[in-house]
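Chains as they are written, first to last, in this note's numbering: chain A, 19 to 448; chain S, 21 to 486.
The reader is advised that the hints may include incorrect statements.
Stated by the list, open to error - Lysine to aspartate or glutamate pairs mimicking EDC-like chemistry, simulated, CA-CA at most 16 Å apart: (1) S:K150 to A:E269; (2) A:K319 to S:D88; (3) A:K257 to A:D229; (4) S:K142 to S:E114; (5) A:K96 to A:E61; (6) S:K132 to S:E172; (7) A:K96 to A:E68; (8) A:K319 to S:D107; (9) S:K168 to S:D133.
As the list claims (entries may be wrong) - Label-pair distances were calculated between CB atoms; the ranges are: (10) A:G382 to S:A248: 28 to 34 Å; (11) S:E114 to A:E387: 21 to 27 Å; (12) A:Q187 to S:T61: 27 to 33 Å; (13) A:T333 to S:Q86: 26 to 32 Å; (14) S:Q86 to A:R245: 27 to 33 Å; (15) S:P70 to A:A44: 23 to 29 Å; (16) A:R190 to S:E114: 28 to 34 Å; (17) A:P255 to S:D169: 41 to 47 Å; (18) S:I241 to A:K319: 26 to 32 Å; (19) A:T333 to S:D169: 46 to 52 Å; (20) S:P233 to A:Q187: 52 to 58 Å.
Claimed, not checked - One side of the interface only, derived from the structure: several residues of chain A facing chain S at Cβ under 8 Å: (21) K96; (22) A200; (23) A203; (24) W206; (25) G207; (26) I208; (27) G270; (28) T271; (29) S291; (30) D367; (31) V369.
Honestly, the hints are just simulated from the structure, not real lab data. These numbers come from a predicted model, not from an experiment. Positions of the beta carbon are idealized from the N, C-alpha and C atoms, including for glycine.
These are the residues of each chain, in order.
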Amino acid sequence: MTPTVRRVAVVGGNRIPFARSNGPYAHASNSDMLAAALDGLIERYNLQGETLGEVVAGAVLKHPRDRDLTREVVLGSKLAPETPAYDVQQACGTGLETTIAVANKIALGQIDAGIAGGVDTTSDAPLALNDDLREVLLDANRIPDTAGRLKLLTRLRPGMIKPAIPANQEPRTGLSMGEHCAIMASEWGITREAQDELTIRSHNALAAAYDKGFQDDLLTPYLGLERDQNLRPGSTPEKLAKLKPVFGGPEGTMTAANSTPLSDGASVVLLASEEWAKARNLPILAYITEAQTAAIDHVHKREGLLMAPAYAMPTMLDRAGITLQDFDVYEIHEAFAAQVLCTLAAWEDPVFCKERLGRSAPLGSIDTEKLNINGGSLAAGHPFAATGGRIVAGLAKELSERGSGRGVISICAAAGQGVVAILESAGGAK
Amino acid sequence: MSQDLYTQIVNSPPGGFIAKRVGLPQPTTLDRYRPGQPVVTGQVLIGAAPSGRLAGAIASTLADAQADVATTLAPELRTASADAGLDASVFNPEAGGDRRFKGLVFDATGIKDSTELVELQKFFHPSVRKVQSSGRVVVLGTPPEATKDPREHTAQRALEGFTRSLGKEIGKGSTVQLVYVAPGAENLIGSTLRFFLSPKSAYVSGQVARVTPGEPVPTDIDWERPLAGKTALVTGASRGIGEAIIETLARDGASVVGLDVPQLAEDLNAVTSRLDGEAIELDITSDDAPKVLAAHFKSGVDIVVHNAGVTRDRTLAKMPEDRWSSLMEINLSSEERINDALLKGKRIPAGGRIIGVSSMAGIAGNRGQTNYATSKAGVIGMVESMAPVLADRGITINAVAPGFIETKMTAAMPIAVREPGRRLNSMNQGGLPIDVAETIAWFASSASGGLNGNVVRVCGQMLLGA
Ligand SMILES: NC(=O)c1ccc[n+]([C@@H]2O[C@H](COP(=O)([O-])OP(=O)(O)OC[C@H]3O[C@@H](n4cnc5c(N)ncnc54)[C@H](O)[C@@H]3O)[C@@H](O)[C@H]2O)c1
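The whole structure should be built from the sequences, with the hints applied where relevant.
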């Protein structure tokens, strides 16, 4: 059986405004936030009682109790309880990876419609028991008699009460993502000014998008937030220049402004076959036409931790038969301004393109006027798994408003991974 | 060196001088080469003045040496690195990061006017602080005499003042060299760039080397054994610097023949048998020495190192003629006769190397050494006079000029002479015989066809003299 491949439509998306860590969503759980985003989507596209093919979502920081987080959220929603769901986890790539997972099943005709999404909270983060304490308690649990248990509990020490807080740290290098990115910034020669400039553009662009109502049908207010809490338009290079570096030591170029803050939030995207959308009179904003995931070896080959999208992109472009310049809109996730600038520098660099990508010529530069035109993660904030959905929905809408054109998404993820995808306007690529 | 400072130094009481030195921190322990080591351990940063001509040659040398490299953002360097298969990262001083470099290489051939010398400041100002200990700085230029435009000649000549001064301030056992690469000799810089970047050049600093068109680098060169298949003669090989030379040439793959006076036969044989070499017991000043050697090397000798030498110190007023003449015979005249005999008998084939051992005394002069300094300046003269003649036969001639080298000879000096000799240089220490030997091995290398007529000092950039 050779399956026929169908076009996959992006019908629309929804998210809650993103909050800074320990802000308005401090007491909201991942399931609360994912449910809020999902409810808004169901409302917007009249999905009450619908049995969808699948809902796929995930979170990077996840409580052990959130087993089958997505399925539980579906059961609590107005979707038909017969809608299956599962969780995906691929660090910051989660949101786009869930989109690809749902899209692929639609493309193959295995399902007709589905929802992809992601959520993360850095406020309501899971704390693990200190390993020493955990050992004592597990041992106690194995002893049948109370006296024996009590005796064992004398092994408890005050220090054991300190919880193990999940660290934003690469297990194999011991460096935080920011420290890794600082090394990349240095190795790619990315200046503080360039990073600050990108940051200011991101905030101004997102603010403009809000002002013109672009975000109106992309989000549902939540717990009093109507816009992303991190958004600070109108900053100046002079103001940003005053900030002290937070990564890369005293000479570092990365600050709290040109790096994304720890954030809380959720996003979802409705994907469907054309027939399914048309049958329900739902819009088709764009089609997902290509996707690619790549990983690099940041441990032994000293490749920059967040450089994987730079590898994923040419593979995808070759398969699509187009070049890096053949896009009208570029959505490069701004985990750090430096990550975006390193990626662009790499694509322009003859050494990287020949030695690392094995290509005869550089991919070349892009028109930065087309980059993150409605703002990026630096302005919106970055609740890890929720970023992909924010970008897919925003890009699909932008392409729909343009009436034609092609857009590309590039998202870097922890542990040396990267995800890229192409969206084409429902009105055609050009 | 200004007369004033010179006077100041020679007039200062040695005791006070030593005392001043005693308080100084211990000199850096210099990195030295061990077989099997990479050329450079640590990252090498390449920079260039715009429109230089050596980016490609530098990049392919470093790619070939499997060096860890960064370049400035200069597009020429990125392209050259890509073309050479060199996976180089980028260094932008404005981009922060805890970067450290073992070597800095700067292509200054693009500097055509004195106003462009500021390119040196632009590259080195932010990078020089990031050089690790036993670091290596190499500036490459165009030989002034090979330029057509007077402005370019002036600017290129100016480079020498830069490298010599930087050598004196860089510290931490780091070295700074200037390599003038003649147009057409770009592909011959490999052995020189490798030598100046590696720990082999530990005690060479503030030097100027010229790479000129010559025999191409053998395509199958084995950089671990660049002398494989070659026969080398080393005079005065039984001890001291000569012993280090013969050991190093053997390490680099040569079949070695050691020569020394019959009185030292036992020592000589101990050395040569250890190295699977041959021993020739011969006084090089004897009448039949040239003939004996020509006869011995019927099937040729590729490398001749004139190392045997003596001192016979006396101020000129007290110098009898035999003290003068016997030294001149050993240190200079016998070498000329042996060269003539070997060349006339076509014993040195194309690709051959003649290497002399001069001395800092031959460059700067030394009290009580009119005879010695004359002979050692004569060795430089021999290099100068023979280089063009030998070039036609594909043979090169070069010399090293050691400064203070820790040997039995220098150990026997009175402390008031020994201490300043040992400390008065950019390394704050004496060199080792191996440092002289490594420099000779660089000249001897099959890849060094572009080196002809060079005199390179192995003196830790002695403050006195040139
Ligand atoms: N040691 C230093 O600091 C220093 C500095 C500058 C130059 N040099 C030069 O380096 C070379 C080696 O010096 P060294 O310190 O090893 O001295 P050394 O006295 O230890 O060795 C010189 C060797 O040359 C041999 N020799 C002398 N006369 C000879 C002859 N007529 N025929 C054959 N062999 C003869 C000696 O027997 C001895 O083995 C010499 O040319 C010397 O002038 C040494």
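These are the hints, each one checked on the structure:
| no. | hint | result |
| --- | --- | --- |
| 1 | S:K150 to A:E269 | 13 Å, holds |
| 2 | A:K319 to S:D88 | 12 Å, holds |
| 3 | A:K257 to A:D229 | 23 Å, violated |
| 4 | S:K142 to S:E114 | 12 Å, holds |
| 5 | A:K96 to A:E61 | 9 Å, holds |
| 6 | S:K132 to S:E172 | 4 Å, holds |
| 7 | A:K96 to A:E68 | 8 Å, holds |
| 8 | A:K319 to S:D107 | 12 Å, holds |
| 9 | S:K168 to S:D133 | 12 Å, holds |
| 10 | A:G382 to S:A248: 28 to 34 Å | 46 Å, violated |
| 11 | S:E114 to A:E387: 21 to 27 Å | 24 Å, holds |
| 12 | A:Q187 to S:T61: 27 to 33 Å | 29 Å, holds |
| 13 | A:T333 to S:Q86: 26 to 32 Å | 28 Å, holds |
| 14 | S:Q86 to A:R245: 27 to 33 Å | 53 Å, violated |
| 15 | S:P70 to A:A44: 23 to 29 Å | 55 Å, violated |
| 16 | A:R190 to S:E114: 28 to 34 Å | 30 Å, holds |
| 17 | A:P255 to S:D169: 41 to 47 Å | 43 Å, holds |
| 18 | S:I241 to A:K319: 26 to 32 Å | 29 Å, holds |
| 19 | A:T333 to S:D169: 46 to 52 Å | 50 Å, holds |
| 20 | S:P233 to A:Q187: 52 to 58 Å | 56 Å, holds |
| 21 | K96 | 51 Å, violated |
| 22 | A200 | 7 Å, holds |
| 23 | A203 | 6 Å, holds |
| 24 | W206 | 5 Å, holds |
| 25 | G207 | 3 Å, holds |
| 26 | I208 | 5 Å, holds |
| 27 | G270 | 5 Å, holds |
| 28 | T271 | 4 Å, holds |
| 29 | S291 | 45 Å, violated |
| 30 | D367 | 6 Å, holds |
| 31 | V369 | 5 Å, holds |
The structure shown violates the earlier hints numbered 3, 10, 14, 15, 21, 29.
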